[in-house]
Amino acid sequence: MWPIIRRNAFWYFTHLMTFGFPLYNFVFNEGRRGYIVFLTLMAPVWLCSSVLWSERQESYAFLRMLPVRDGAIAQAKLRLGLAGVFVYWLLLTLYTLLGLGDVPRLFRPLLPDQHHGRRHAAARHPLLPQCLALRSPGHDRTHPRLYGHHILYGLRRRHPSMAGFRLRPGPEVSVLAGPGPAAARRAHRLVAHVQGRSAGQVDQ
Amino acid sequence: MEPLLVTNDLNKSYSDFRLSGISMEIHPGSIVGIFGPNGAGKTTLVKLLAGQISADSGALLVFGSAYAEREKEIKDRIGYAPQEPPYFPDRTAEYLGRFASRFYSRWDGGRFSRLLNRFHISPQKKFRHLSGGQKTLFSLALALSHQPDLLLLDEPAAGLDDAHRRFLLDTLRDFVSGGDRAAVVCSHVSEGLDEVSERVLILHHGRMILDSDKEELLERWKRVDFRDNALDPALVASLAGLRRHPFGNSGLCSDFPALHEKIACGLAAGDVKVENARLSDVLIHLTQGE
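One line per chain: the protein sequences are A and B, in this order.
Read in order, the letters of the first sequence correspond to residues 1 to 204 in the numbering used here.
Read in order, the letters of the second sequence correspond to residues 1 to 290 in the numbering used here.
Since the hints were made in silico from the structure, they are not lab data.
Small disclaimer: the values here were computed from a predicted structure and weren't measured.
Be aware that one or more of the hints could be misleading.
Stated by the list, open to error - Calculated Cβ distances over 10 Å to all of chain A for the following chain B residues: (1) Pro3; (2) Phe17; (3) Ile74; (4) Lys75; (5) Glu94; (6) Arg102; (7) Ala268.
As the list claims (entries may be wrong) - With a cut-off of at most 30 Å between alpha-carbon atoms, the simulated DSBU-like pairs for lysine-lysine come out as follows: (8) Lys135/B / Lys125/B; (9) Lys77/A / Lys126/B; (10) Lys77/A / Lys125/B; (11) Lys273/B / Lys214/B; (12) Lys77/A / Lys135/B.
Unchecked claim - Quick list of simulated restraints, FRET-style, between CB atoms: (13) Arg106/B / Val45/A: 38 to 46 Å; (14) Ala59/B / Val85/A: 26 to 34 Å; (15) Leu91/A / Ser15/B: 45 to 53 Å; (16) Asp70/A / Asp9/B: 34 to 42 Å; (17) Ala158/B / Phe26/A: 54 to 62 Å; (18) Glu69/B / Val87/A: 23 to 31 Å; (19) Phe86/A / Glu84/B: 50 to 58 Å; (20) Thr14/A / Ser13/B: 27 to 35 Å; (21) Ser113/B / Ala61/A: 40 to 48 Å.
Ideal Cβ placement from N, Cα and C applies to all residues, glycine included.
Kindly generate the complete structure, drawing on both the sequences and the hints.
Written as structure tokens, this is what we have:
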């Protein structure tokens, strides 16, 4: 049954991309979440187009030649349609929740943010007010480095006086924390969070 | 030996056509030819046998089961090559083979590749770019590659050149040579296929008008060539499809054993010659009345 589902799913996916692409630009790049409503309005068009196009490309005479029951073909297609609708609904729900600022914590890393995805999410990190600067390791664009960039972006937004701070290449992620042991502890936690491990270097 | 396929009073109606009263058995080791003029119902019958359409009434058992009970298992053991190949037109031969292979339990990819190679069909060629004959051959390759026990071929020789037609006939002989498999070929042209068919069914206007062993049929149906005045006028009148040639006359006899004694003198004198009738002559006589 999988070859039939895979063959039809291709049309669902490509049509989702086709109908959704202009809206993704507005929603993700320009941060106009209100445009999600158009994505919602497009849902029936997308579904009808996907179904019609995949059926147009289908050859039931060929499928009937194969050792597969008619009922199984119909069930597979129905399941595919329902799964497509569910995925569409899930995406819309998550983006809508994001727009309301009420995204479950679990999903936050998965979702793009209003303007620049994780960059803006990092700017809302609770530890940020205590951090003055962040250095990230290496010259590659690995996750910690990018994440560090995002945090720095958030810091700059919140503290205009930090506009001159830059990420500096080094062996490890390091955070320049504010004075006091509490700030150092928070900086340690931030480093661990950024690196995904507990090690870190804090410069007072 | 148990028949591979049994039908009993099978009926199928369309608004302008009715296939009715089809009863037959197909035994292992046999090649059955279904012949008839255009529109006789051959394709409808083969579609019924292949489970592509369902009958309005009557019984159809394939490998001892009805399609309603074990459709998947039955189709897994049937190789069906339709008259109009319905494969995805924008897909390559290789993709179509790969797609079909996912469904069959006994798919032989090597055999499929060898057959494509034998038929000079490029695996990367889209189906719609194949010629008419290549499409027929591709259907045949697909039907043979999952090692079926029963082959159902609808107009398998249509558009084939002589070499490929010969290959088809040889393949059919090889297919049933083990004695445990059978083939059904249907065509409106009997030429060639009647060579390999051991049993002949003739359809006309949706009814089976002849179901006979080929040898038996050829025993009864003879072509009689005779000079003028060599036969009794009453005998001549009983011959079908009378033709007058510059060198004499010819006619078709449908019951040669009964005629044999009456023409014995002519045969001895050399004024009368008797040959096996060709299946196409029988077919034309039975369906056109000539």
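Going down the list of hints, with the structure as the test:
The beta carbon of proline 3/B is kept farther than 10 Å from every beta carbon of chain A, the shortest such distance being approximately 21 Å. Against the 10 Å criterion, phenylalanine 17/B stays outside the reach of chain A, whose nearest CB is about 19 Å from its own CB. With a least CB separation of 8 Å from chain A, isoleucine 74/B falls inside the 10 Å interface cut-off, contrary to its annotation. Under the 10 Å C-beta cut-off, the non-interface status given to lysine 75/B relative to chain A is violated; the minimum distance is some 4 Å.
Listed as outside the interface, glutamate 94/B is consistent with that label: its C-beta sits roughly 14 Å from the nearest C-beta of chain A, beyond the 10 Å cut-off. At the 10 Å boundary, the C-beta of arginine 102/B falls inside the reach of chain A, the nearest C-beta of that chain being 5 Å off. Non-interface call for alanine 268/B relative to chain A: holds, since the shortest CB-CB distance, roughly 57 Å, exceeds 10 Å. Restraint check for lysine 135/B and lysine 125/B: satisfied, since their Cα atoms lie roughly 11 Å apart, inside the 30 Å limit.
Between lysine 77/A and lysine 126/B, the direct Cα distance comes to roughly 25 Å. Compliance with the 30 Å bound is thereby established for this hinted pair. Only pairs whose Cα atoms come within 30 Å are accepted, and lysine 77/A paired with lysine 125/B is accepted, the gap being roughly 28 Å. With a C-alpha separation of about 21 Å, the suggested pair lysine 273/B and lysine 214/B falls inside the 30 Å cut-off, and the hint holds. Restraint check for lysine 77/A and lysine 135/B: the C-alpha separation of about 28 Å stays at or below 30 Å, so the hint holds.
At roughly 44 Å, the beta carbons of arginine 106/B and valine 45/A sit within the given window of 38 to 46 Å. Remark: the range hint 26 to 34 Å for alanine 59/B to valine 85/A is contradicted by a beta-carbon distance near 42 Å. Taking 45 to 53 Å as the suggested C-beta distance range, the pair leucine 91/A and serine 15/B conforms, at roughly 48 Å. Checked against the hint of 34 to 42 Å, the C-beta distance between aspartate 70/A and aspartate 9/B comes to roughly 24 Å, which is inconsistent with it.
Between alanine 158/B and phenylalanine 26/A the Cβ separation comes to about 56 Å, which falls inside the hinted range of 54 to 62 Å. Taken as a hint, the range 23 to 31 Å is violated for the pair glutamate 69/B and valine 87/A, whose Cβ atoms sit roughly 37 Å apart. The supplied range of 50 to 58 Å is broken by phenylalanine 86/A and glutamate 84/B, whose beta-carbon atoms lie about 38 Å from each other. Checked against the given bound of 27 to 35 Å, the beta carbons of threonine 14/A and serine 13/B, roughly 42 Å apart, lie outside it.
Taking the beta carbon of each, serine 113/B and alanine 61/A are about 24 Å apart, not inside 40 to 48 Å as hinted.
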